[in-house]
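Trainee: Taken in sequence, the protein lines are chains X and U.
Positions 0 to 120 (the working numbering) are the ones given, in order, by the first sequence.
Positions 542 to 722 (the working numbering) are the ones given, in order, by the second sequence.
It is worth saying that the hints were derived from the structure and are not from the lab.
Where hints are given, some of them may not hold.
[Claimed, not checked] Simulated DEER-style distance windows between Cβ atoms:
1) X:G108 / U:S646: 31 to 41 angstroms
2) U:E591 / X:P82: 49 to 59 angstroms
3) X:L57 / U:E591: 50 to 60 angstroms
[Said to hold, decoys possible] Simulated coverage check for chain X against chain U, where a stretch passes if three residues somewhere in it have a Cβ under 8 angstroms from a Cβ of chain U:
4) 49 to 55
5) 99 to 108
Even glycine gets a Cβ: it sits at the ideal position worked out from N, Cα and C.
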Amino acid sequence: MKSLADLEEIRKKASAGVGMRKDTHATRIVVGMATCGIAAGARPVMTAFVEEIGKRNLEHVSVVQTGCIGVCRLEHIVEVMVPGEEKVTYVKMTPEKARKVVAEHIVNGNVVSEYTIGNAE
Amino acid sequence: MKEISLHILDILQNSITAGASLVELCITEDAEKDIFKFYIKDNGKGMDKEFLKNVTSPFTTKRTTRKVGLGIPLLKLAAESTGGGINISSELGVGTTIEAVFSYSHIDRQPLGNIVDTMFTVITAYENTDFLYIHKSGDREFKFDTREIKKILGGVALSEPDVMAWLLDYLKEGEAGLTAE
Ligand SMILES: Nc1ncnc2c1ncn2[C@@H]1O[C@H](COP(=O)(O)OP(=O)(O)OP(=O)(O)O)[C@@H](O)[C@H]1O
Ligand SMILES: [Mg+2]
Chain X
0 MKSLADLEEI RKKASAGVGM RKDTHATRIV VGMATCGIAA GARPVMTAFV EEIGKRNLEH
60 VSVVQTGCIG VCRLEHIVEV MVPGEEKVTY VKMTPEKARK VVAEHIVNGN VVSEYTIGNA
120 E
Chain U
542 MKEISLHILD ILQNSITAGA SLVELCITED AEKDIFKFYI KDNGKGMDKE FLKNVTSPFT
602 TKRTTRKVGL GIPLLKLAAE STGGGINISS ELGVGTTIEA VFSYSHIDRQ PLGNIVDTMF
662 TVITAYENTD FLYIHKSGDR EFKFDTREIK KILGGVALSE PDVMAWLLDY LKEGEAGLTA
722 E
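Okay, chain X solo, but in the shape it has when bound (with noise of 0.2 angstroms):
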């Protein structure tokens, strides 16, 4: 069981290793989350990312969100930003696509090029 006390030793932790981790270095996975109802799907995609993260312990990658990012018609946008890479933009998610980006993309360090803006559609 998860409880406060634990949130207390991740505060710990995490102030102990300020400065440390220079965000410049880490991973970013941006999940679009439109206020339009959109958000409904984007929801399971964006704590499978937060899941499959934890589960895995990838200390350097962050999952943030973000309002639309516009292309309203290919919903569920993912974007992965790998420090001196460029961004990925992944469209259509679902969960089980966000484990595999996961697998695949952050952790191997191979895009999976059959989700990306382009192939998907």
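Please arrange chain U with the ligands on chain X, whose structure you already have, making use of the hints.
Mentor: Then chain U with the ligands, alone, in the frame of chain X:
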């Protein structure tokens, strides 16, 4: 909409759009009294009387990207189709409370659905807004207050990966505790 938790996400987003710094969601499930209800209370900018009168019509919206707003009308429809309804009170500059009541056992009542995803989404997307979440089911209760969480965290961000993972598990376990044997 398939889930009540999606209506809730919609209504929470209204509160955030209204500039609320504190949003309270309280869900009460009472099978014995055949009631499923929730209210969302915020301290956002509120609505004036005239606007409030028409807010359940889809043509009442402050959206600029489209002509209709569907959040409130859809919730109203969902609640009324079970024999319940919604009630909104609002005061300009003070805040808004919207309450929805459903018949618990009605065949058309949608399931609550994934409320953990809804809460996790709003908590991590809007770090500057505080959320008080209370879910009562029978004689059990799960309560979650981001003000308490942020106090423990000091300056550590909610978006910190470890914190996010903790949040998700904590919410899941809290919800599971409401139905566990
Ligand atoms: N909590 C609130 N505080 C202040 N104003 C509100 C609140 N909730 C709703 N409103 C007002 O009522 C209007 C209608 O809300 P509703 O959720 O039905 O549609 P919408 O938010 O405009 O569009 P949609 O929900 O479809 O994205 C909003 O545009 C807003 O002006
Ligand atoms: Mg709305």
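Trainee: Of the numbered hints stated previously, which ones are contradicted by the structure, given in increasing order?
Mentor: 1, 5
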